[in-house]
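Numbering (this note's numbering), first residue to last: 1 to 74.
By construction, these hints were calculated from the structure, which means they are not laboratory data. Honestly, I wouldn't trust all of these hints.
[Unchecked claim] With a straight-line cut-off of 27 Å between C-alpha atoms, the simulated DSSO-like cross-links for lysine-lysine are:
1) Lys1 to Lys61
2) Lys24 to Lys35
3) Lys1 to Lys24
4) Lys23 to Lys61
5) Lys61 to Lys8
6) Lys35 to Lys61
7) Lys1 to Lys23
8) Lys23 to Lys8
9) Lys24 to Lys8
10) Lys24 to Lys61
[Unchecked claim] Have a look at the derived ranges for each label pair, beta carbon to beta carbon:
11) Phe71 to Glu47: 16 to 24 Å
12) Asp68 to Lys24: 37 to 45 Å
13) Gln56 to Lys24: 35 to 43 Å
14) Asp68 to Arg42: 26 to 34 Å
A quick note: this is a predicted structure, and the numbers were derived from the prediction, not measured. We put the CB at the ideal spot given by N, CA and C, even for glycine.
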Amino acid sequence: KIEAFEDKDSYLLKLTPVEDNLKKFIHTTEVFLSKSDLAADRVVMHESGSDYTVIQFINRKINNEIADTVFDIR
């Protein structure tokens, strides 16, 4: 199930699992998107108990050039 909310600066997508096997582990996941570029600012995963995980995206760089030499292709 997906619910959408907004405030002055951001959108919030609240994702709630509908399948029982996933509900055992995740209660909800909240994805906060910046209105200026629609990129994710923060993700909050609420587990079925009282635990939660917050992932904060800072110093975002979108579509920067990455030299091929950065990758080790075998």
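Now the hints, each set against the structure:
1. Lys1 to Lys61: violated (30 Å)
2. Lys24 to Lys35: violated (32 Å)
3. Lys1 to Lys24: Distance of about 16 Å is within 27 Å: holds.
4. Lys23 to Lys61: violated (33 Å)
5. Lys61 to Lys8: holds (23 Å)
6. Lys35 to Lys61: holds (16 Å)
7. Lys1 to Lys23: With Cα atoms ~12 Å apart, Lys1 and Lys23 stay inside 27 Å; holds.
8. Lys23 to Lys8: Violated - the C-alpha atoms of Lys8 and Lys23 are around 31 Å apart, more than 27 Å.
9. Lys24 to Lys8: Violated, because 34 Å separates the two Cα atoms, which is more than 27 Å.
10. Lys24 to Lys61: Given that 27 Å is the threshold and the Cα spacing comes to 35 Å, the pair is violated.
11. Phe71 to Glu47: 16 to 24 Å: violated (35 Å)
12. Asp68 to Lys24: 37 to 45 Å: Once the Cβ atoms are compared, 43 Å apart, the range 37 to 45 Å for Lys24 and Asp68 holds.
13. Gln56 to Lys24: 35 to 43 Å: This hint is violated: roughly 26 Å between Cβ atoms.
14. Asp68 to Arg42: 26 to 34 Å: holds (32 Å)
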